[in-house]
Amino acid sequence: RFLDAGVRPDGRALAQPRAASVALGAINTAAGSASARVGCTLAIAGVTCEPVMLADDADDEGELLIRLEVPAISGLRGGGGGGGNGYTGSGGAGAEIVEAFLQRQLERKVLLPPGALTIAPGKAAWRLSLAVYCLNYDGGLADAAVLAALGALAHTQLPPASYDAKSGRVLVGTEAGAADGPQASPGGRLTLIARPVPLSFARMHERTLADPSAEEEALSEARLFVLVDESGALRAVLKPGGMPLADGELRACVDLAVARAPALLAMLDDALDAAL
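For the sequence shown, our numbering assigns the number 276 to the last residue and increments by one with no breaks.
Each statement offered as a hint is correct.
What follows is a list of derived Cβ distance ranges for each label pair:
#, residue 1, residue 2, range
1, G75, P186, 40 to 50 Å
2, A13, G122, 48 to 58 Å
3, G122, L14, 47 to 57 Å
4, P186, R127, 15 to 25 Å
5, E63, H205, 42 to 52 Å
6, A275, A13, 28 to 38 Å
7, G248, G6, 15 to 25 Å
8, R189, P262, 22 to 32 Å
9, D10, G168, 53 to 63 Å
10, N136, P186, 31 to 41 Å
Because the hints were derived from the structure by calculation, they are not lab data.
No experiment lies behind these values; they were computed from the predicted model shown.
Where is the CB? At the ideal position from N, CA and C, for every residue including glycine.
With these hints in hand, go ahead and build the complete structure from the sequences.
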């Protein structure tokens, strides 16, 4: 009945996403952190950094490691089929799909400029560990996770660091200027060269719903997640099972994601300005 009228139980039109927000500095002990809310779904992300010595054949550029945690308290259901959509069937499987997507699409070489994590070429670099936690789940896990991850990385402040050739170790913070002939990195806030932003969809009774709630996801016949960049170009599509989509339906989802992107990017910019 709701779908026939072009409206959803929460009052939204079929193509209308929920309100979203991002706040930076959610974790005082992290090098960078953010919380993101999409409707009632809440994700929090924190970045820790550690200097690592490089092997002779290692990449000078450092590492960005990403993991996603969805504890049972979040409300993401385990067991059963979730409408056969391949996404919410079990808490572990759903989280693993999104985690793998984050790891592929938010790679270091995609988000960070060359040399951003280098301390001393060929000697030492930063390893960033980005942990994203879903604290409350009501659909749109990937949307909230991507926004929290981007916010946390944009908020990340690296300390000054230097490689001391005499001792063969990395000095960090106030020690960084005391090394004998160090190769050094001044540290500072990370600059992102790309910010791919998300929008999720659910297909139900031959209709496409933007930014579905958990209930809508559970009833859906197919799920789709679209990532677009600041120029409006399509970066990635994730469709974990379910019924196939026609080309026109996919194009309509991409167009909605592109239209949504400026508001999300402006929201990230405002959050960073507020945190500085």
